[in-house]
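S.K.: The primary structure of each chain is shown beneath.
Number of protein chains: 2
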Amino acid sequence: MHTNESEGADILAKAYAPGHITGFFQIHNHENPHRKGSTGCGIVLNGGVATEVMVGKSVEKTEVFLNGKKVEGRTTRTVAEMMTDVPVRIRGSAEIPTGCGFGASGAGALGTAYALNSALSLNQTAKSLTEYAHVAEVVNCSGLGDIAAQSSGGLVIRLQPGGPEFGLVDRIPAPEARVFCIVLGEISTGSVLEDEAAAARINSAGKTAMSELLKKPTLENFMQQAKAFASKTGLMSSRAKDVIEAASASGGLASQAMLGDTVFAIAPYSQEFLLYEALQEFGQVLEYSISTCVPKLMNG
Amino acid sequence: MHTNESEGADILAKAYAPGHITGFFQIHNHENPHRKGSTGCGIVLNGGVATEVMVGKSVEKTEVFLNGKKVEGRTTRTVAEMMTDVPVRIRGSAEIPTGCGFGASGAGALGTAYALNSALSLNQTAKSLTEYAHVAEVVNCSGLGDIAAQSSGGLVIRLQPGGPEFGLVDRIPAPEARVFCIVLGEISTGSVLEDEAAAARINSAGKTAMSELLKKPTLENFMQQAKAFASKTGLMSSRAKDVIEAASASGGLASQAMLGDTVFAIAPYSQEFLLYEALQEFGQVLEYSISTCVPKLMNG
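Protein chains in written order, with the working numbering: chain V, 1 to 300; chain E, 1 to 300.
Same shape as in the complex, but just chain V (with noise of 0.2 Å):
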């Protein structure tokens, strides 16, 4: 509902998108990117990116920053480039860690997309603007499937892979639960999936997790799908196992974000605060919920 009809004067638009971890997942390589992309399974987290976009006068070339300071930000810089020829600078806000598997690109992306067409006028529907995310997140190899599971929201099983032309996504019917996070390091998504042995081991091992998920779509049983994923792909670092054995000694269910380094926790309500407390001994505990929101423009 914010216009800026001052002649010449540059036009802000602001919007924000969930962060997303995936328990599980297969590679589908397609040369179409609009196909390409991943199934598998993950969360949605109620921690995401805040994206402004500023076009006008003011903006001579496109310019990426991300927390105040000047990023490459290429997934992002390849949305704003299909979307127009304007120069556009681009500030993103990130309540999630970047590099660490949570989805810090795809959302940046997908809040990118939704505020030039906003501030551009461009006219264009929520699928439209999430094609555009999917294929430049896979062009960059800065992910597979999160803009899929953002674009839904909730405990997103992607059945197909791809943007919204030809994906197909359904949900786990989301209880309220909190996700703690202890973010161990980064790993780059690009290396691993570019890694033969790896991806098939992937593909094996998404395989079986998706046909076990979909016999009990329940919380519990992804966030063991997701564990036992981890550790047959080989993608399990060490650090991240003694975090996960810990929380599982505590009564909660943990596995490792893919692709980072960064492992993720749930327990049962009642169980909570000894979860947090055993994770705690690991470094700051990062504290979300599961998001049942999809991406939305921001007023100011």
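Note: identical chains are not told apart, hence a pair may lie in one copy or across any two.
Derived BS3-like pairs (lysine-lysine); straight-line CA-CA distance at most 30 Å:
hint : residue 1 : residue 2
1    : Lys57     : Lys216
2    : Lys216    : Lys232
3    : Lys57     : Lys215
4    : Lys61     : Lys127
Please keep in mind that the hints were generated in silico from the structure rather than gathered at the bench.
Here the structure of chain V is known, so what remains is to put chain E in place on it, guided by the hints.
M.R.: Then chain E, alone, in the frame of chain V:
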């Protein structure tokens, strides 16, 4: 994450689903209730219905309560009958008026499906639960398109009619905006849908509104198309017309909820208070916002 393993004890589960106001629509009749429904556009609200189900030894027959009073609750009852043979005590608690175009029957049906799935460990996904709720709505003529919107969240465009199996939705990138409502009275959804002349006017005006909306999918254009639709179809009551004119005079955009004798209105952020003041002249102003969230299980 809540389980009740004491043998024979009653099992409780609770779920929440949002309300929804349709601005314009087209009726799509079909003998298959999975394909029957409406296309159109509407707003998912941040007010909805919380539904608690109880199963176990102390529940001898299926009963439905709404806000503490025993009701027939046909749509909700149909959901329970489709999902289980065991008797269920269902208690709904509504933050939205019933019978006035807020999609309360749909919210109750969705909440019942989610809660029963949890209480009886039925291992259904969100799509399957949504399909139950959609079929229950259309066979009881309590609604045609609310479920498709309520299970998606946001400012939802219903492009193809039906439950998740056949239906197709998109979203207008939803801004944050207050939605003010004045309830003038009840309209029976069923009686309007069974009037052939009214249905013909609805489908003609609904087709035009959808075509115009897709040219410029924004909240403002949605409100304008909704107003044109309500006026052309003859569904706009004379009292609603007065309220809608007053809203326009105060800088807002307003129309009538389909199907209900309820006016809903929005305004640019800076004019929301003026709109609220103007609406207050006509009765109690209910205040919601556009919700981008989908149904969920609740704790406790």
